Amino acid sequence: MLDAQIIEMLRQKATDIRVATIHEIAHLGKGHIGGAMSIVEVLTYLYYHEMNVDPENPKKEGRDRFVCSKGHAGPSVYATLALKGFFPKDWLETLNVGGTNLPSHCDMNKTPGIDFTTGSLGQGASAAAGIALGQKIRGEKSFTYLMLGDGESQEGQVWEMAGFASTQKLGNLIAFTDFNRMQLDGYTKDIYCMDNIDTRWLGFNWHVQRINGHDFTEIDNAVQNAKSVTDRPSMIICDTVKSQGYKPGVGVKANHSMAVSAEDEASSIAVLTGGAK
Amino acid sequence: MRDTSELANMKDAIMAAIIDLATEHEDVCMLEADLESCLGSSGFHKQFPQRFFNCGIAEANMVGVAAGLSSMGFVPYADSFGVFSSRRAYDQFFLSVGYAKQRVHLIGTDPGVVAQVNGGTHMPFEDIALMRQVPDLIVIDPSDAQSCYELIKQAYDSKKSSYLRAGRRGATHRYSAGAKIELGKGIVLEEGKDLAIIATGETMVNESVKAVALLKEKGIHATLIDLHTIKPLDTALIEKVAKATGRVLVCENGRYAGGVGEAVAAHLAKTCPVKMDFVNVGERFGEVGNLAYLVKAFAFDSESIAAKAENLLKK
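Going down the list, the protein sequences come from chains Z and B.
Our numbering puts the first residue of the first sequence at 746, with every later residue one more than the last.
Our numbering puts the first residue of the second sequence at 114, with every later residue one more than the last.
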């Protein structure tokens, strides 16, 4: 159970990560802001409260691992890692610039703290299962955390992984679905309906929970529950808002990748930090 | 050094190499796609149950899991029929293994027409072309049991990823234990002045050996290369035999586009243009039949190879 002080700390960190993410994308002029913003609370919780990671030693043996299979959410993952100290914050202004260590989609060979390369949707799912399997073979007590998108979960590979992970009883694999109900072309309900996602994962014999993905107490309860389930992998479906915290994108159908101007940056950060007029 | 001369099947040589590697190296693990009994990986399963995982009929996931295991320091061997290892799981192999710089050894059995009675749905004609596109990948097409065993072991030692295309049933015993078999270096099986035949894989090398004998009866002396490693291409040897003979015939159990023939032609076009011809499946899809029928049907047989060689001399 998180106490009020920790929740407040996490809220502040989440705001910092959102501010850094907006700045990162605004500096470039455009980017995948929608799906980056909707996972910020989970990122904050994992990196500032839960995961055994060391920014001084990103490849530390026996660490917990995080695979952001929806690799286009890289900007908020990078903001989280930079603020945590994995690399200098000024790297954030190099997002997608030629020669950068921060490419649009997560790359384990470029960015300290990224545990697996992703970007082709669905592929991070299997990699995470392989990592969890490797932890299990080694007898580690560590966990693998996996972030999937709801649109991403239209990929068949996600479901190939689902059956494999439950067959292998990967209790150390804890996945989240960023259920923001949107994908590049619009709303999942109109394109490829994902509304029965709970029963799909239940059908694959996963431990399934559904929470508000922006509520730290709910995230904490769900992750601790998931950790106590050792005979099967866990799915935590997070109801989220795409572009949460970046006001110009909220409720906008085309918020998957957006232009973010200096004015947008200033006004949205003002809203986030309480300085809005 | 293991002597494979007693092994009845290519799959036995494959598994002997992987089991020997797993015995020597704790990081070796194996993934199957419901073809444990087809490859005989049950031997690995029995000997190393903690390191063996049957992933079911889900090849894309299997390759992704292999990539994840690699990121944990394991060296996975992932097996399926060549069509599924290559075509079905290609994006996963290209990105999660290649682009992500992971180390995975992918096995694609029954290459080309070797799939025989499984027919067109199971015949990988494009796997060479696909795998040649993966940067820094090793692609092996051994012509016998001993070279299959040796090359698998050398591919492990290279610290790179690899794709192996090899048959399962029956085995040619061309090389003895201790023979010089070197990854990336073709083997000269015959030296002749009139033309060079470059063959890859068990079926094509076997037929080419017979073709060389047929040609010799007609007074035509051909050089024959067993090009067991498709990538990296042994350009030095290819160039040498092209310069020495002026005519090159490339034989592969697969498709020309992106295949070995095209690779050899592309290299010689810029270094040493010579008259060339090619033996491959052309624009055809696969079909059922036993190997003898298919070898004939696709004009892979020694008579057809010899005829092409003779025609090439007339050009």
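No wet-lab data here; the hints were simulated from the structure.
Values in this document were obtained by computation on a predicted structure and should not be read as measured data.
Check the hints yourself; a few may be wrong.
[To be verified] Derived DSS-like pairs (lysine-lysine); straight-line CA-CA distance at most 30 Å:
1) LYS383/B - LYS881/Z
2) LYS855/Z - LYS272/B
3) LYS266/B - LYS881/Z
4) LYS214/B - LYS829/Z
5) LYS805/Z - LYS272/B
6) LYS383/B - LYS804/Z
7) LYS998/Z - LYS934/Z
8) LYS266/B - LYS804/Z
9) LYS306/B - LYS383/B
Out of the numbered hints, which ones does the structure contradict?
Violated: hints 1 and 6.
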